[in-house]
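Colleague: Okay, here's what each chain looks like letter by letter:
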Amino acid sequence: MMEFQALFEQYRDLITIAVYGTAIALIVIGLYAVLMKKHLVKIVIGLSIMDAGIHLLFVAIGYISGGTAPIFSPGNENAGARMVDPVPQALVLTAIVIGFAVTALALSLVIRLYKHHHTANIDQLNSLKW
Amino acid sequence: MVITPVHYIVAPLIAAFAIPLLIKIHKDAARIVPGIVLFYNVIVSLFLMNHIAEHGMISETLAGWQAPWGINLVVTPFTGFLATMVSILGFIIWLYGYRFKRTLKGGEVKYYEILQMMMIAGSIGIIITGDIFNMFVFIEIVGISAFSLTAFYRSRDGAEAGFKYLLIGGFASAFLLLGILIIYTQTGTLNMAQIAERMPDVPQQMKIVALIFFLVALGIEAEMFPLNGWAPDAYSQAPSPTSATFAAVVSVAGVYALIRVVFTMFDVEGVNNYLMVMGFVTMLIAEIAAISQKDLKRMLAYSSVGQVGLVLIAFGIGSNLAVFGALFLMLNHGVIKSLLFMAGSYFIYNTDDKKIKSLNGIYKKLPIVSFFFALGALAIIGFPPFSGFWSKFYILISAADEKYVFLIIGILLVTIIELTYYLRVVGRIYFAKQEGEPASHKPSINALVAMSSLALFIIVIGVYPDLIMPHIQSAADALLDKSNYIQQILSIKN
Amino acid sequence: MLKKLIVFLLIGTLGYTLAVTFSSIPIGANRIGSLDNPETVAAYYLDKSPNDLKVANTITAVVVNFRGFDTLGEVSVLFLAATGLASILYRKEEEEEEEENKRHISHRLNLPSSSLVQTGAKILFPLILLLGIYVFIHGHLTPGGGFQGGAIIATGFLLMLVSYKGFKNNHKIMVWLESLAGLGFVGVGLYGLIRYGSFLQNTGWTGNLNDLVSGGLIPLIYIFVGIKVATELTNVLDILLNIKSRRK
Chain P
1 MMEFQALFEQ YRDLITIAVY GTAIALIVIG LYAVLMKKHL VKIVIGLSIM
51 DAGIHLLFVA IGYISGGTAP IFSPGNENAG ARMVDPVPQA LVLTAIVIGF
101 AVTALALSLV IRLYKHHHTA NIDQLNSLKW
Chain Y
131 MVITPVHYIV APLIAAFAIP LLIKIHKDAA RIVPGIVLFY NVIVSLFLMN
181 HIAEHGMISE TLAGWQAPWG INLVVTPFTG FLATMVSILG FIIWLYGYRF
231 KRTLKGGEVK YYEILQMMMI AGSIGIIITG DIFNMFVFIE IVGISAFSLT
281 AFYRSRDGAE AGFKYLLIGG FASAFLLLGI LIIYTQTGTL NMAQIAERMP
331 DVPQQMKIVA LIFFLVALGI EAEMFPLNGW APDAYSQAPS PTSATFAAVV
381 SVAGVYALIR VVFTMFDVEG VNNYLMVMGF VTMLIAEIAA ISQKDLKRML
431 AYSSVGQVGL VLIAFGIGSN LAVFGALFLM LNHGVIKSLL FMAGSYFIYN
481 TDDKKIKSLN GIYKKLPIVS FFFALGALAI IGFPPFSGFW SKFYILISAA
531 DEKYVFLIIG ILLVTIIELT YYLRVVGRIY FAKQEGEPAS HKPSINALVA
581 MSSLALFIIV IGVYPDLIMP HIQSAADALL DKSNYIQQIL SIKN
Chain Z
625 MLKKLIVFLL IGTLGYTLAV TFSSIPIGAN RIGSLDNPET VAAYYLDKSP
675 NDLKVANTIT AVVVNFRGFD TLGEVSVLFL AATGLASILY RKEEEEEEEE
725 NKRHISHRLN LPSSSLVQTG AKILFPLILL LGIYVFIHGH LTPGGGFQGG
775 AIIATGFLLM LVSYKGFKNN HKIMVWLESL AGLGFVGVGL YGLIRYGSFL
825 QNTGWTGNLN DLVSGGLIPL IYIFVGIKVA TELTNVLDIL LNIKSRRK
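Chains as they are written, first to last, in my numbering: chain P, 1 to 130; chain Y, 131 to 624; chain Z, 625 to 872.
The set of hints was computed from the structure by calculation and includes no laboratory data. Don't be surprised by glycine CBs; every beta carbon is placed ideally from N, CA and C. Do not take every clue at face value.
[To be verified] Listing some non-contacts, in silico: residues in chain P with all C-beta distances to chain Z over 10 Å:
#1 T16
#2 K38
#3 K42
#4 I45
#5 Q89
#6 S108
[Said to hold, decoys possible] With a straight-line Cα cutoff of 27 Å, these simulated DSSO-like cross-link-like pairs (lysine-lysine) come out:
#7 K154/Y with K796/Z
#8 K115/P with K672/Z
#9 K494/Y with K612/Y
[What the hints assert, rightly or not] Partial pick of chain P residues on the chain Z-facing surface, computed with a CB cut under 10 Å:
#10 I49
#11 A52
#12 P70
#13 I71
#14 P86
#15 T119
#16 I122
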């Protein structure tokens, strides 16, 4: 455990860039897909990617260097002081489920739209002003 | 206390989970049970309002953990006022829609009723929760129901409006999560009162970034410019009782969320001006767009957005009188716009065409509904004997007090615009030449009861505004008294 | 072209803002304070979960008890999503007939899978179910819980749905399970409200840390959540998959 912590301290900058960079990159890529892609399913995928980035940020924020999973399993009963923050993990569970619900609903609307327009290209959906 | 705020949420949830079973016993259960639940919510509201008038605000703990540790539900005069308004309007909308939905085939009624009921329950949840993440969950409950209901008719345009709403709503939830995340890293808590208490220690840069995320996310929910593009489409494509719910319930909850976050949680300078400017732009653009609409429901939708803009302006002015006016306007807007959507949907029902130009002389076919529509139109413009006059009047006075001349000019200009497009419709209804055969769909008795109770409210409050003003005044006081809110919630920690 | 420029500007601003904001939030720093003097909710939870609630998995304690109201909301979001999905993809009889006349969309989903897949699925299905049930029953002891277990069970149903053409869920049982699980969750909450005056409050009896039967009502709630999530997800999959194969 201590070794890991020392290793973490040594490469802290690198890890920061890697974790935050990945998360922010996912958010930005998702936003790009939502705004620029023409295919409806790709737009929905973009929304999911964006959510994934945010979830990653949540989990990263909860991390405490050298911390273990917040589970008091046998032999680990008194480790409360060395545990990572449980709240973001609980929040992310909620956020994932809600993201799933939104994605499922979005896909069903895509099916509907495809049925009416026989296309999944967003430029050809223009019965309402976009 | 026999009745606690959690009943607001639990009763609809039990009903929603039980309806698929109850429908096997009696096939009308899906229609009737939501009515019982919504009526129960009205009773809960009246009971709680009575209770807080005697004993002060309620902060109910959930799961037995006191305020900052667990989730709490807060009923202050402010939240109680809005929750009462939402639950009463929700019940009236249910009453209106009771027979209307007989045209739907059996299986679908179940979906419609569950979604509609949960949308109202979720809005009440947004209003009474004291926890920022819990608010996010309720916003999503409202959102999911609203997306589904927008696409409920499964028409081509409905699916498109639903998808558009869903995309923008997806943005809103993503930004809201980011805002909550930043606030959580800085304060280590999710309780709004405790966040507000710790906010002065948060670095300015973090505060601003988080506030921007919240403003974008909740601005979408509150139909604030520039992210309100979903509103006209969703309003016009949803079933009519749902459009009324969007105007009377969902937008109220959206504005509440925005105001709660901006007024209570953050103490950033200049955000009031931002609200005022954005409200002004929202109002001006929406009202100008409303003139050129050919579709009745779209016109009403743009008018709704404009009213929300005016509410935001009044909150932006921020003085006690302005907040009073804003709350009064929220109430009036909910009542009047529900009435307009209810009456308007009978026009649409009888013309098979949502266009304004097919309303010519419809007054002869549907005299009572036309009367209600005209009443609503006059009230929302702000003609003196109706309730709409008072809210606009107080907002104008508060703007004059603070010497915001451009606001006064803008509001008066917008009133002229409203006058133009509403009177155009009313003129068509009453004075244009009639064509076509007599009305095929007469309003049902329950719809008439719903509409006339709203109309009665408009007239009675217009003549005797003193009946409701003390409640609004205490609501405005409760909103502005931020330190009391924080103290009350955090002091009961033991 | 202008749109592209605006989009890139928007994305750039968002990325830059996020990068600047989060670079000043050090990763791995201890923000939750000490357990003796809980400044943040996290420290308080880490203290109360093993000592008061006797729940080994703190995340479960947070999800089911401290923030149990969120979870109730979350379960209803899933329920509403399934309802909304059904309402959007629900088809009237006329519509069905009309589509029967112009059936041109591919029938790939209707083709049966190879017998290898079918046999494998048949063997795996009970095991997946068992794993899912294990995960949500042990939600308060090990990583996992109602949502994870429910999702695992739903994958089992997904496997069956894609490998067997005629695989039909028993809708009657599904509807009952779905409703009763939801009502059970609310019922446990109401028990707390009536008995102790606070919705979802846990019982006084909590057992010993790391026992299977411990934590009061928390495992019970997680079992309800597991059943609810499993049925809702299966429902969603069923609706989405059967939209094409229903036309015969």
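Colleague: So, for every hint listed, does it hold in this structure?
Modeller: Okay, the hints, checked on the actual structure:
Remark: the non-interface label on T16/P conflicts with the geometry, its nearest Cβ contact in chain Z lying 5 Å away (cut-off 10 Å). Here K38/P stays apart from chain Z, with its beta-carbon at least about 12 Å from theirs, past the 10 Å limit. Once the 10 Å rule is applied to beta carbons, K42/P is consistent with being away from chain Z; the minimum gap is 15 Å. Chain Z leaves I45/P outside its interface by the beta-carbon criterion, the shortest separation being 16 Å against a cut-off of 10 Å.
A Cβ of chain Z approaches the Cβ of Q89/P within 10 Å, the least distance being about 5 Å, so the stated non-interface status is violated. With a closest Cβ-Cβ approach of about 5 Å to chain Z, S108/P is found to fall inside the 10 Å limit, against its non-interface label. Restraint check: the Cα-Cα separation between K154/Y and K796/Z comes to about 11 Å, which is no more than 27 Å; the hinted pair holds. Proposed proximity of K115/P and K672/Z is contradicted: the alpha carbons are some 53 Å apart, above 27 Å.
A C-alpha spacing of about 53 Å is found between K494/Y and K612/Y, which places the hinted pair above 27 Å, so the restraint is violated. For I49/P, the shortest C-beta to C-beta distance to chain Z is roughly 13 Å, which exceeds 10 Å, and the interface hint is violated. Below 10 Å, beta-carbon pairs count as interface contacts, and A52/P has none with chain Z, the closest being about 15 Å; its hint is therefore violated. Contact between P70/P and chain Z, as hinted, is supported at the beta carbon level, the nearest pair being about 4 Å apart and thus within 10 Å.
Taking 10 Å as the C-beta contact cut-off toward chain Z, the hint placing I71/P at the interface holds, the least distance being around 5 Å. The interface hint given for P86/P holds, since its Cβ lies 4 Å from the closest Cβ of chain Z, which is under the 10 Å cut-off. Annotation: interface hint on T119/P violated; nearest CB of chain Z at approximately 13 Å, more than 10 Å. Hint on I122/P is violated. Least Cβ distance to chain Z is approximately 12 Å, over the 10 Å limit.
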